[in-house]
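Colleague: Here are the chains, one letter per residue:
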Amino acid sequence: MNKMYYLPLHIINFSTQYRMGCISAPSKFIMNELNAAACPAESISYFSGLFKEESDVIFIGFSLFASDKKTGYTTIFSEDVLTVHPLGIIAAQMMPQLIDRDLISEPVEKNLREKLISFRNKELAGRGSGFLMRLFGIEDTTFLDGLGKIWVRSLEKYMTDQNFVPATLADYLMTYERTRNFNKNAVGILEDTASLIKQLYGLPDGYHPAPLMGTETLFPENSEISPEKPIGSDEGENHHDWVYLRLKQIAEVRKELLDSKEISFISVLERVNSNRVFTEFNEDLRAMESEPERWFQVIMIYLQLRSKIREGIQADNAVRFWFFIKDILMIMPKETITALYLAGQRFGINEFVPLFLFMNHPPKLKPIEFPPAELPLEHTEYRPARNYWNDSSKTYKLREGASTEYYKQKKQSPRKSKEK
Amino acid sequence: MKWLVPYTQLDSEQLGIIQSFKAQPNRNLWITGYAGSGKSVLLIHILLAIKERYPNARVAIVAFTHALIDQLRSGIPMEYKTGVPVMTPYKFLLDSTSWDYVLVDEVQDLKHEFFVDLNSRGSKVIAAGDMNQSIYDNTCPEDDIIDYLDLDIHRLRIIHRLSRNARMLAAPFCEDKSGFMSASMGSGVELKPKLISGRSYEEELRWLSERAFGYAETGYHTAILLPSHQDIRYFLRNLCEQQGVNSSFVRDKEPGEWEVNYYNEINFGLRNAGLPIRYLGNGAGSLKVSATEKIVNLITYHSAKGLDFEVTFLPFLTKERYMPSGNIPGESLFFVALTRAREQMFLSYNSSNPHKFLGMIDRSCLVTSTAAEEQLKSKNSINDLF
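Going line by line, the protein sequences match chains A and B. Just so we're aligned, residue 633 is where the first sequence starts under the numbering used here, counting upward by one. Just so we're aligned, residue 608 is where the second sequence starts under the numbering used here, counting upward by one.
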């Protein structure tokens, strides 16, 4: 039997080239063996792009090829392709009808498959967070270096097993799901965060404070949160009591927010920023090695982003998503950057496709909501609710004609003009 | 409606099918795929592709249940709403209009005569359906459907709606278990379904009404699924009694009485009684109204097919619970019911006599609790708010 050589390809790439009679590839990427050691990750990236489904990538096997030393390229004629190896049995079953089934051979070995999947996961995650950083003009992310490693570990665990038992804050952020009928507005995000914190601190359901209870271990094993600092400002107060009492205060904040009807995410976040109970949680959570300091807010922003991403970033809501992030970036830059980084890694680049356009075409400001005609003219000049201009290298232009002068010339209120 | 995924969010398989349709718009297609793979969504996107290419094309959509018709209508853009009728197969057969395209959802539920008629009209057909969800007797076999309409089959292999745990739970009831388990998964909410046991019907009912009404009140698209119309009546009478409401409007159905009238009367009674629950199906109730008025949808397993909800409750899974499906195994019907939740699914039963299906479920994919524990949680302590 002739010696076999192998090449990784995206299935669409293969299908297209195969029909054209030959497959062309740089000679240096041809593999002598079909195993993990013989397959450099960059060749996967080069030939298969970044695949989404396991069935997207194949390895073709062949024994004959023609190399051109001048160009460094190899040509494999379609008739010389002898085998097609999927990444696994499941991938083989899922493989679309682009390949002659007779060509499909045994799947690649486990190590090779795992190497590729791990590479894909890391690459997609890195591209996701990298894109969000670029999109919002965030350059300094050095404070995230320590967090990045912890987060990637949790992400890897989650990618392999969505039911893994969380041990660290990063794990809880990865696995937390809403299990109660929390509010479907921003207060629900506060409730989610309190629920996550409750799980992280291991407070049992139905717990009641009991002053004489013995000290219990607050931190789950291997927790990223330092157990060195005792929780609770009052001596003799046990950890569960400490958490319980603060959750009780959060419940009061929640009630006040619901009563006040001020339930935009920004207003909830501002309320959290100004309340002592959250500072106390943050002081405890600050044992995380890296910045930022206000982890309660990071969790809130991350969960809010997760919710929006899960709803789907679409052409019609991408602008709102963009402005939403710009708004919270203004209030809490480090916390927002951290949450953006986590969300970008968690969901990967694929979820952000509708935002690609924004890199070089920042969204136009929404149609201006004009004040009533009876107000003095100086009030009719458009001013955005927040100053987007000074916080980024990008500038945004007012819609043409949206100025005091324009309406002075028209001598009528813009609203009336619009109504006509 | 949230279920209609926009074009930019379609996966590569779904986009591939649309491309394939655009390349050969005269070919008849069958889009198949497991529950939650986006078949109905794709049907609406193909409708848009047809209208984009042939603005004057006469297009009709056929769906087996009124609830599904309601959902499909909600996905059609306003500009096409009046020009694209969505109808039951019965209405389609009564109507002799000649259509350029007929889009058929849940195609596996239809009988021979429908396909004979459809074939004779010469319309192009885009069908969607999954034989694993076949829950009616005397329907047209898969091979015959393909023969009648000369369909090109396109399979969707990515399940978007279900969590991994929900899939594991539903797998024993899927005819093609290995295929279902090996399908690729989306990146949605990963919540474990909850299995709640009650010591009596009353206790289970109390827990169910509190939780389901609570979810609906907070704005979650919620449904209670029951196997039969008889179960619906029994449940409503007991609910009325529990809530201290006269249940005389939940009478037995008269022979020959139109179901839509019968259930509209019940819904009217429920509204007057101030109960936040409405029957959905057989032309009664509305998905849109249930979302805006924050009420629980009460629906049979059959009528739930093709629909999805954020939160579903499958209560009273006891031994005597009959899964009525004629010659079709009850497993298929249960499979349909188990695959309707987008986020959270609750199953509940009386601990003294659980249904045999509960014994087939892998408990590792569930969170188990009792109705008493769950009710205590909500009242016991301030931290249980979270």
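What the hints contain is simulated information worked out from the structure, not anything from laboratory work. Nothing here was measured: the structure is a model prediction, and the numbers come from that model. For glycine and all other residues, C-beta sits at the position ideal for the given N, C-alpha and C. Do not rely on the hints blindly, as some may be mistaken.
Stretch-level coverage of chain A by chain B, calculated; a stretch enters the list once three of its residues show a Cβ under 8 Å from a Cβ in chain B [unchecked claim]:
#: 1; stretch: 656–668
#: 2; stretch: 733–747
#: 3; stretch: 780–786
#: 4; stretch: 874–887
What the simulated footprint calls covered on chain B by chain A, stretch by stretch (three residues with Cβ under 8 Å from a Cβ of chain A suffice, anywhere in the stretch; the number is not a length) [as the list claims (entries may be wrong)]:
#: 5; stretch: 714–722
#: 6; stretch: 813–825
Colleague: Please go over all the hints and tell whether each is borne out by the structure.
Modeller: Here is what the structure says about each hint:
no., hint, result
1, 656–668, "violated (count 0)"
2, 733–747, "violated (count 0)"
3, 780–786, "violated (count 0)"
4, 874–887, "holds (count 7)"
5, 714–722, "violated (count 0)"
6, 813–825, "holds (count 5)"
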